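*Asks:* With chain A held as given, fit chain B onto it using these hints.
What follows is each chain in one-letter form.
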Amino acid sequence: MQRDIIVNASNKDKKSTDISPRDKLRALRDKYIRSLPHTLGRIEARWSRLLENKTDRDVADSLYGMLHTLAGSAPSFGFGEVGRAAKNAEILVRDILDDNSPFDPEVWERIDAGLEALMSASIASKCEELARQRFEESVPVAPFNSEQKRLVFIVEDDVCLLQNLGLQIGCFGYEVRTFAGLEELAKNVGETPPAAIIMDLMFPEGRAAGAEAIASIQKDAMRHIPVIFISQLDDFSARLASVRAGGDAYLTKPLRICALIEKLDQLTGDRKDDPYRILIVDDDQDLSGFYALTLEQYGMNTRVVNDPMHIVEHLVEFHPELILMDMYMEGCHGDELAKIIRQMEAYVSIPIVYLSSETRKERQLSALRIGADDFLTKPIKPEHLISSVTIRAERMRIIRSFMDKDSLTGLLNHSKTKEQLDLAVLRARRNHGRFCLAMVDIDNFKSINDSYGHLAGDQVIVMLSRLLQQRLRKSDVIGRYGGEEFAIILLDTEPEQACRVMDEIRENFGRIRHESDDGGFAVTFSCGIAHYPDFTDSTSLNKEADRLLYEAKRSGRNGVFFSSAPEKGVK
Amino acid sequence: MAHCKPRLLVVDDDPFVLDMLVILLEEEGYPVVAVENGEEALDAFGRHPDIGLVLTDMNMPIMDGMKLTGEIRQINAAVPILLLTAHDDQALTGIALERGASGCLVKDENLMEDIAGVVESVLAAARV
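Residue numbers (numbering that gives the first Met the number 0), protein chains in the order written: chain A, 0 to 570; chain B, 0 to 127.
The following block holds chain A by itself, in its conformation from the complex (with noise of 0.2 Å):
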C-alpha cells in the first residue's frame, strides 16, 4: 500500500506540485523536530515503566525498539549527537535484553545516565537548529534602492555653496532640494514635509532671518521637522537663536560635510539604540512578573522563564544581552544554571545577576566564582535593580562593539568579517545561494595622508564607511578590512548587479570634496568582486576580489572589476 507523504496531508489544501523538494524536506525536518520531545517522553515513560518492574521484558523490547529508532532517524535529518547517544542507551538496552540478568544495578545507573545524556543531547541539538534557523531568517535580502530616499531641504542663500552642499549630500543617498530664499521654501514646505531641513541663519532680510522662518514653519507644522542650522557666526546669541526657533543642530562654517552627514543621520534615521534584552529566570512567577515590569518601565526589553529547564530555547529565541537568575529554583539550582549556561559558547562572556535571599557570603562567592557578576538580595529595591542591570547591560554592549567593529568607522573589524564571510559560504553552500564579495581600496591613500594629514586621511575613510552604509543594504556586510580597505558582501547579488552598485558608489564617491587645513581635495577608489559559487571558499573568494582589484589599479585606478561571463572560473 503506498502511503501518503506527511508534508502534503497536512497541506491538504496546497498541491503538492506547489511545494519545491527542499521545502518538503524542511517542513519534514520541522515536522521531525516537533515530534522529538514526545518521542523522548515516550522514552523517559517506557524507563520509569522498566525501573518499576525490571523483569518485563515486553517494556525493555519497545525501550529498546524506539531508541534504534532513534538513532537511526536522528542522524538522517542532520542531529549526529542525539542518534549518538541514542545509540549508546540503545547498546545498554540490548545488553539488559541479552544478558536476561538484569539485576546489575550498576547496568541500571549505566542506562539511567545513558538516557540522561541523550536528553541533553536533545536539548542541545534543538538549540543548535533554532539559532541555525534564526541565522537563516535573520537575512532577508532587500533589493537595492529599495527604502524611500529621504527628503531633504536646503536653504542658503549663497548659491555656490548650495549648489555643492546639494551635490554632496545627495551622494549620501538624500533626495535634495535646493532653496536660494526664504519665500521660495515658504512655498514649498507645506506641500511635502522634508525629513530635515539644512537652514542658513543669515539672510538678506535679518541677521537670524532663517531661525525666524523656521519659527513659523514649525509652528504650523503636524510634526517637528529636524532643522540643522549652518551659519559663520559662532556666538552665544545666534545660538539662542536657533535653539529658540527649534533647531536641533547648530554647524559653523566653513562646513565639514562629514559631520554634516552624521548630524542628517542622526536626526533622520530611526538609528535609536535598541532596549537591552533582559532575561528573567525566577520560578516565582509573581517576582518575575514584577521584575519585568519594572525593567520594561524603564525601556528595556524583557523575557520571563518561570522553568529552568527552558533556558537554553530562550537564550537562542531571545538573545538576551544579560540575564537576571533567581538562586534556589525548583528542578535546577542557579549555580548549575549559571554553569549550563558558560558552557556554551556564545554566552560564556553574558552578565548573570542572582536574585536570591542568600545572605550568606561564602555561597554568594561560589556563585560569584562560577559567573555570576553580581548578587542582589531579595528584596530588591526598583531603583537598585535598575541601575545594576543597566551598567552591566551597557558595558557588555561596549565591550561587544569593541570585540566586533573598527574603532574609527564603527564598521565590522577584519576578523568579525573574516567570520561573516565563512558564513556566507556555509550558507550559500546549504542554499546553492549566491553572493558577491567586493574588496575596495582607496586610490593613493598614501599620498593623501603626506599631503593633508593623518586626519584628513582619517576623515576620508569615515566618509567612504558612511558611503557605503548608506548605499548598500542593511542585509550586506561591510568590514573594514584593512587600513585603507574594506570589504563588502553583497548576499543574494549577481556579479553584474554588484558591480553597477558599486561603480554607482564610486562615482558618487569621487563627487565628494574632502577639506582640510590645506584645501579641498577628491578622492577615488577601485574595486575587484568575485562570485560565489564561482569560487566556492574564502580563501579563493579572497584571492580572486584582490586580483581583480589588483587589476582595478593597474588599470589606471577608479575603477571596478568583476569577472565578467565569459572568463568565468579563468585564474
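Among these hints, one or two may not hold up.
Stated by the list, open to error - Between beta-carbon pairs, the in silico distance windows are:
1) A:Lys404 to B:Pro30: 49 to 59 Å
2) B:Asp87 to A:Asp502: 52 to 62 Å
3) B:Glu119 to A:Met308: 37 to 47 Å
4) A:Ser386 to B:Asp87: 54 to 64 Å
5) A:Gly79 to B:Arg126: 32 to 42 Å
6) B:Arg126 to A:Arg433: 31 to 41 Å
7) B:Pro30 to A:Tyr549: 51 to 61 Å
8) B:Gly102 to A:Ser34: 23 to 33 Å
9) B:Gly102 to A:Glu316: 39 to 49 Å
10) B:Glu119 to A:Glu335: 46 to 56 Å
As the list claims (entries may be wrong) - Computed footprint of chain B on chain A, listed as stretches where at least three residues anywhere in the stretch have a Cβ under 8 Å from a Cβ of chain B:
11) 63-76
12) 79-87
No lab work stands behind these hints: they were computed from the structure.
This one's a predicted model, so the numbers in the text were calculated from it and none came from an experiment.
Just so it is clear, CB atoms sit at the ideal spot from N, CA and C, and this is done for glycine as well.
*Replies:* Here is chain B on its own, set in the frame of chain A:
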C-alpha cells in the same frame, strides 16, 4: 539515458525517514513505492514486477530487512537490494551481504546527501 528511471521500493518503519527518502528519490525522477515493513514490501514487490531496486531499513517490526532480503532473493536473484542500518555494524553487514544484499548504508548525517548518489551507482553497477 535516464529518460526512464526504474521504480524503487523503499521500506522503513520510521515514517519520517521513509518520507525523507521518498522526497529525495522522487526529486531524482524515480517512481517510488513506499511501505512500512518487510511483509508489505514483499507484497508490493509481487505486485510491481518493474521494481529496479529495493532500499530497505534493517530493523523493522513484522519482517525485518534481513529476512526481506532473503525472501526477495528466493524469487529474484538480480534486483539490487540496499540495506539501511542505524549502526555501522560490520558483522551485521557481512551477514546481509551473504544473504544477497548489494550493499549497506549507515543512517548518519550524510544520508540525505548521499542517498541519491548511492542508489544511482548501485543501479549502474547492476546494469553492467
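*Asks:* If you check each hint against the structure, which ones fail?
*Replies:* Structure breaks no hint.
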